[in-house]
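Work the whole structure out from these sequences, hints included.
At the far end of the sequence shown sits residue 215, using our numbering, and the numbering has no gaps.
In case anyone wonders, no lab produced these hints; they're calculated from the structure.
Note that beta-carbon positions come from the ideal geometry of N, C-alpha and C, so glycine has one too.
The calculated label-pair distances, taken between Cβ atoms and stated as ranges, are:
#1 ASN119 to GLY62: 28 to 34 Å
#2 LEU79 to TYR171: 26 to 32 Å
#3 SER173 to ARG153: 24 to 30 Å
#4 ASN213 to ALA133: 17 to 23 Å
Okay, derived cross-link-like pairs now, DMTMM-like style, lysine to aspartate or glutamate, Cα gap no bigger than 25 Å in a straight line:
#5 LYS186 to GLU148
#6 LYS186 to ASP117
#7 LYS186 to ASP33
#8 LYS186 to GLU59
#9 LYS186 to ASP134
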Amino acid sequence: MDEQNTGQYELASDLYVLPTPAGAYFAVSTSDDSRVRRLLLALLRHSSSPRVDAEFVCECLGTDDEQEALEVLHRAQSLAWIEGYEQVRDVSRLGVGQELHQLLPHLSSVGKGMIIDWNGLSLASCGIDDATADTLAALSADLIGVQERHADRMAKHLGQASHGWAAVDAYGSSRIGAWPLYVGDKRMLLVLLGEPRLNDSAFLALVWLLIENYG
1 MDEQNTGQYE LASDLYVLPT PAGAYFAVST SDDSRVRRLL LALLRHSSSP
51 RVDAEFVCEC LGTDDEQEAL EVLHRAQSLA WIEGYEQVRD VSRLGVGQEL
101 HQLLPHLSSV GKGMIIDWNG LSLASCGIDD ATADTLAALS ADLIGVQERH
151 ADRMAKHLGQ ASHGWAAVDA YGSSRIGAWP LYVGDKRMLL VLLGEPRLND
201 SAFLALVWLL IENYG
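As C-alpha coordinates, then:
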(Lines of atoms letter the chains of each structure in order from A; the text may use other names.)
(Lines give C-alpha, C1' and ligand atoms only; values in the text may rest on other atoms or scores of the structure.)
Protein backbone atom coordinates (compact mmCIF):
# COMPACT_ATOMS: atom_id res chain seq x y z
CA MET A 1 0.00 0.00 0.00
CA ASP A 2 1.06 3.62 -0.60
CA GLU A 3 0.85 6.80 1.42
CA GLN A 4 -0.44 9.74 -0.58
CA ASN A 5 0.92 13.28 -0.19
CA THR A 6 -2.27 14.18 1.67
CA GLY A 7 -1.31 11.80 4.47
CA GLN A 8 -4.04 9.37 3.46
CA TYR A 9 -3.45 5.71 2.63
CA GLU A 10 -4.63 3.65 -0.27
CA LEU A 11 -4.06 0.02 -1.20
CA ALA A 12 -1.67 -0.28 -4.13
CA SER A 13 -3.28 -3.44 -5.51
CA ASP A 14 -5.31 -6.47 -4.58
CA LEU A 15 -2.98 -9.03 -3.03
CA TYR A 16 -3.27 -12.12 -0.89
CA VAL A 17 -1.67 -11.13 2.40
CA LEU A 18 0.00 -13.15 5.14
CA PRO A 19 2.29 -12.26 8.04
CA THR A 20 6.01 -12.78 7.57
CA PRO A 21 7.80 -15.10 10.05
CA ALA A 22 8.62 -11.98 12.10
CA GLY A 23 4.97 -10.91 12.02
CA ALA A 24 3.84 -14.39 13.03
CA TYR A 25 6.24 -14.29 15.97
CA PHE A 26 4.87 -10.96 17.14
CA ALA A 27 1.31 -12.26 16.81
CA VAL A 28 1.86 -15.17 19.20
CA SER A 29 4.68 -13.94 21.46
CA THR A 30 2.37 -11.79 23.57
CA SER A 31 -1.21 -11.68 24.76
CA ASP A 32 -1.46 -7.90 24.34
CA ASP A 33 -4.52 -6.70 22.42
CA SER A 34 -2.80 -4.21 20.12
CA ARG A 35 -4.39 -3.28 16.79
CA VAL A 36 -1.47 -4.60 14.76
CA ARG A 37 -1.59 -7.94 16.60
CA ARG A 38 -5.34 -8.16 16.00
CA LEU A 39 -4.75 -7.70 12.28
CA LEU A 40 -2.00 -10.33 12.15
CA LEU A 41 -4.11 -12.87 14.03
CA ALA A 42 -7.08 -12.16 11.75
CA LEU A 43 -4.94 -12.98 8.71
CA LEU A 44 -3.83 -16.26 10.29
CA ARG A 45 -7.34 -17.34 11.23
CA HIS A 46 -8.15 -17.93 7.56
CA SER A 47 -7.29 -21.34 6.10
CA SER A 48 -6.28 -19.53 2.88
CA SER A 49 -4.43 -16.24 2.65
CA PRO A 50 -7.16 -13.59 2.35
CA ARG A 51 -7.35 -10.93 -0.32
CA VAL A 52 -7.03 -7.69 1.62
CA ASP A 53 -9.04 -4.55 1.00
CA ALA A 54 -10.10 -1.65 3.20
CA GLU A 55 -13.36 -3.36 4.17
CA PHE A 56 -11.50 -6.48 5.30
CA VAL A 57 -9.06 -4.50 7.48
CA CYS A 58 -11.91 -2.48 9.02
CA GLU A 59 -13.72 -5.70 9.90
CA CYS A 60 -10.57 -7.15 11.49
CA LEU A 61 -10.09 -4.07 13.67
CA GLY A 62 -13.73 -3.38 14.45
CA THR A 63 -13.73 0.14 13.01
CA ASP A 64 -15.60 2.04 10.28
CA ASP A 65 -12.70 4.43 9.73
CA GLU A 66 -10.91 3.20 6.60
CA GLN A 67 -7.92 5.50 7.00
CA GLU A 68 -7.44 4.39 10.59
CA ALA A 69 -7.56 0.76 9.48
CA LEU A 70 -5.18 1.33 6.58
CA GLU A 71 -2.79 3.13 8.93
CA VAL A 72 -2.55 -0.07 10.98
CA LEU A 73 -1.96 -2.07 7.79
CA HIS A 74 0.73 0.39 6.75
CA ARG A 75 2.43 0.07 10.14
CA ALA A 76 2.50 -3.71 9.84
CA GLN A 77 3.96 -3.34 6.34
CA SER A 78 6.62 -0.84 7.44
CA LEU A 79 7.72 -3.24 10.19
CA ALA A 80 8.01 -6.05 7.59
CA TRP A 81 5.36 -8.04 9.47
CA ILE A 82 3.14 -8.70 6.45
CA GLU A 83 3.77 -9.69 2.86
CA GLY A 84 1.56 -9.72 -0.22
CA TYR A 85 1.36 -12.51 -2.80
CA GLU A 86 -0.23 -12.63 -6.22
CA GLN A 87 -1.34 -16.23 -5.66
CA VAL A 88 -3.39 -17.58 -2.76
CA ARG A 89 -1.63 -19.70 -0.12
CA ASP A 90 -3.25 -22.39 2.00
CA VAL A 91 -2.55 -23.81 5.45
CA SER A 92 -1.39 -27.43 5.39
CA ARG A 93 -4.05 -30.14 5.57
CA LEU A 94 -1.76 -33.00 6.63
CA GLY A 95 -3.02 -32.93 10.22
CA VAL A 96 -1.65 -31.00 13.15
CA GLY A 97 0.47 -33.80 14.66
CA GLN A 98 2.09 -34.90 11.40
CA GLU A 99 2.65 -31.35 10.21
CA LEU A 100 4.21 -30.12 13.46
CA HIS A 101 6.57 -33.10 13.40
CA GLN A 102 7.71 -32.08 9.91
CA LEU A 103 8.04 -28.36 10.67
CA LEU A 104 9.98 -28.50 13.95
CA PRO A 105 13.32 -29.68 12.44
CA HIS A 106 13.45 -26.57 10.21
CA LEU A 107 13.40 -24.29 13.27
CA SER A 108 16.57 -25.67 14.86
CA SER A 109 20.18 -25.85 13.63
CA VAL A 110 20.32 -29.44 14.91
CA GLY A 111 16.80 -30.41 13.81
CA LYS A 112 15.48 -30.96 17.34
CA GLY A 113 12.52 -29.33 19.03
CA MET A 114 9.19 -29.78 20.75
CA ILE A 115 6.00 -27.93 21.61
CA ILE A 116 4.75 -28.13 25.19
CA ASP A 117 1.46 -26.91 26.58
CA TRP A 118 1.19 -24.70 29.67
CA ASN A 119 0.88 -27.82 31.88
CA GLY A 120 4.17 -29.26 30.68
CA LEU A 121 2.62 -31.88 28.37
CA SER A 122 4.28 -32.46 24.99
CA LEU A 123 2.09 -31.69 21.96
CA ALA A 124 4.75 -32.58 19.37
CA SER A 125 8.46 -33.34 19.26
CA CYS A 126 11.16 -34.26 16.77
CA GLY A 127 14.67 -35.61 17.21
CA ILE A 128 14.37 -35.88 21.00
CA ASP A 129 14.34 -39.14 22.95
CA ASP A 130 11.74 -39.76 25.63
CA ALA A 131 14.06 -39.13 28.60
CA THR A 132 15.24 -35.80 27.18
CA ALA A 133 11.67 -34.82 26.30
CA ASP A 134 10.54 -35.49 29.87
CA THR A 135 13.41 -33.39 31.23
CA LEU A 136 12.67 -30.51 28.86
CA ALA A 137 8.96 -30.67 29.66
CA ALA A 138 9.67 -30.40 33.41
CA LEU A 139 12.14 -27.56 32.86
CA SER A 140 9.69 -25.78 30.57
CA ALA A 141 6.91 -25.96 33.13
CA ASP A 142 9.19 -24.13 35.59
CA LEU A 143 10.15 -21.56 32.95
CA ILE A 144 6.49 -20.87 32.27
CA GLY A 145 6.01 -19.97 35.92
CA VAL A 146 9.02 -17.64 35.86
CA GLN A 147 7.75 -16.05 32.66
CA GLU A 148 4.32 -15.39 34.15
CA ARG A 149 5.71 -13.85 37.34
CA HIS A 150 8.41 -11.64 35.89
CA ALA A 151 7.55 -10.73 32.27
CA ASP A 152 5.86 -7.41 33.10
CA ARG A 153 8.64 -6.29 35.44
CA MET A 154 11.34 -7.24 32.95
CA ALA A 155 9.65 -5.18 30.26
CA LYS A 156 9.01 -2.22 32.56
CA HIS A 157 12.26 -2.00 34.53
CA LEU A 158 14.84 -3.77 32.34
CA GLY A 159 13.48 -2.83 28.94
CA GLN A 160 13.46 -6.49 27.90
CA ALA A 161 10.42 -7.04 25.71
CA SER A 162 11.57 -10.45 24.49
CA HIS A 163 9.70 -13.36 26.08
CA GLY A 164 12.17 -16.08 25.10
CA TRP A 165 14.51 -17.88 27.47
CA ALA A 166 17.72 -19.74 26.64
CA ALA A 167 20.53 -21.81 28.10
CA VAL A 168 23.67 -20.54 26.38
CA ASP A 169 27.24 -21.74 25.99
CA ALA A 170 30.40 -19.79 26.88
CA TYR A 171 30.09 -17.79 23.66
CA GLY A 172 26.49 -16.75 24.29
CA SER A 173 25.05 -19.08 21.65
CA SER A 174 21.78 -20.77 22.47
CA ARG A 175 21.95 -24.49 23.25
CA ILE A 176 18.37 -24.77 24.49
CA GLY A 177 15.79 -22.05 23.85
CA ALA A 178 12.17 -21.69 24.92
CA TRP A 179 9.59 -19.27 23.55
CA PRO A 180 6.04 -18.85 24.92
CA LEU A 181 3.31 -18.95 22.27
CA TYR A 182 -0.12 -17.41 22.94
CA VAL A 183 -2.62 -19.10 20.63
CA GLY A 184 -6.20 -18.16 21.41
CA ASP A 185 -6.92 -19.22 24.98
CA LYS A 186 -4.19 -21.85 24.80
CA ARG A 187 -0.63 -21.17 25.89
CA MET A 188 2.31 -23.21 24.67
CA LEU A 189 6.06 -23.25 24.78
CA LEU A 190 8.25 -23.83 21.73
CA VAL A 191 11.49 -25.50 22.84
CA LEU A 192 14.40 -25.78 20.39
CA LEU A 193 17.84 -27.31 20.76
CA GLY A 194 20.77 -25.65 19.00
CA GLU A 195 20.52 -22.28 17.28
CA PRO A 196 16.92 -21.16 16.66
CA ARG A 197 15.70 -20.36 13.15
CA LEU A 198 12.50 -18.48 13.84
CA ASN A 199 12.95 -16.37 10.69
CA ASP A 200 12.35 -19.47 8.56
CA SER A 201 9.13 -19.79 6.58
CA ALA A 202 8.51 -23.00 8.54
CA PHE A 203 7.84 -20.86 11.62
CA LEU A 204 5.05 -19.02 9.81
CA ALA A 205 3.62 -22.38 8.74
CA LEU A 206 3.81 -23.65 12.32
CA VAL A 207 2.06 -20.61 13.81
CA TRP A 208 -0.59 -20.69 11.08
CA LEU A 209 -1.23 -24.38 11.77
CA LEU A 210 -1.48 -23.82 15.54
CA ILE A 211 -3.95 -20.96 15.13
CA GLU A 212 -5.98 -22.99 12.63
CA ASN A 213 -6.31 -25.82 15.14
CA TYR A 214 -6.20 -24.11 18.54
CA GLY A 215 -6.83 -20.41 17.97
